[in-house]
Amino acid sequence: MPIEHEAKILDIDPDAMEQLILDKGGQKLGERFMRRYVYDITPGDQSKWIRLRDTGDETTLTVKQITSDAIDGTHEIEVGVDDFAATNALLNVLGFTAKSYQETKRTSFILDGAQVEIDTWPQIPPYLEIEAGSKDEVVRVAGLLGHTEADLTGENTITIYARYGIDLNTIPELRF
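Residues 1 to 176 (UniProt numbering) are what the sequence shown spells out, left to right.
Keep in mind that the hints are not guaranteed to be accurate.
[Unchecked claim] In silico lysine to any residue, SDA-like type, Cα no more than 20 Å apart, as pairs:
no. : residue 1 : residue 2
1   : 48        : 76
2   : 48        : 24
3   : 99        : 51
4   : 28        : 131
5   : 105       : 131
6   : 64        : 156
7   : 28        : 144
8   : 105       : 11
9   : 135       : 151
10  : 64        : 43
11  : 64        : 113
12  : 24        : 113
13  : 105       : 61
14  : 99        : 84
15  : 64        : 44
By construction, these hints were calculated from the structure, which means they are not laboratory data. Keep in mind the model is a prediction, meaning the values are calculated, not measured.
With the hints as extra help, turn the sequences into a complete structure.
Set out below in structure tokens:
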């Protein structure tokens, strides 16, 4: 599975961060509402799962595997699919039942070759996600925004929610 080089900066001010990204030469790509279903591959194994996501522009089916909380600790393989509801139905027929439905809001940018996203999830403060071709590129782009590697986390969403005292595994529907 290909490695995903990404990191998050938690608890940001979205308006101030957007302005900083633009001031540093970033290009705003747009805002969107996203919805996703998450399925266990092996019940109880939180290191690997299936995600069906509708971004408003495209629908993707992804297998994600976490090997560590490092910037390069996530592996994923993703394919485009045509129909969110039909793909969910297909997964159900194959024996996968969604363990949760989640909604998020995302504002996307390109900054110096990296994908930069301001993500807003229900019940927790917004965070910034930086994805680039290598760990060094992620750290470099974070530096453009005034952050060091120590400010970055590669933690997944379940772990981030746990930081705020919320067990995401007990929330079957996460909506605004």
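Each hint, compared with the structure:
| no. | hint | result |
| --- | --- | --- |
| 1 | 48 with 76 | holds (9 Å) |
| 2 | 48 with 24 | violated (36 Å) |
| 3 | 99 with 51 | holds (10 Å) |
| 4 | 28 with 131 | holds (15 Å) |
| 5 | 105 with 131 | holds (17 Å) |
| 6 | 64 with 156 | holds (10 Å) |
| 7 | 28 with 144 | holds (16 Å) |
| 8 | 105 with 11 | holds (15 Å) |
| 9 | 135 with 151 | holds (14 Å) |
| 10 | 64 with 43 | holds (15 Å) |
| 11 | 64 with 113 | violated (23 Å) |
| 12 | 24 with 113 | holds (12 Å) |
| 13 | 105 with 61 | holds (19 Å) |
| 14 | 99 with 84 | holds (16 Å) |
| 15 | 64 with 44 | holds (15 Å) |
Going through the hint list in order, the structure does not satisfy hints 2 and 11.
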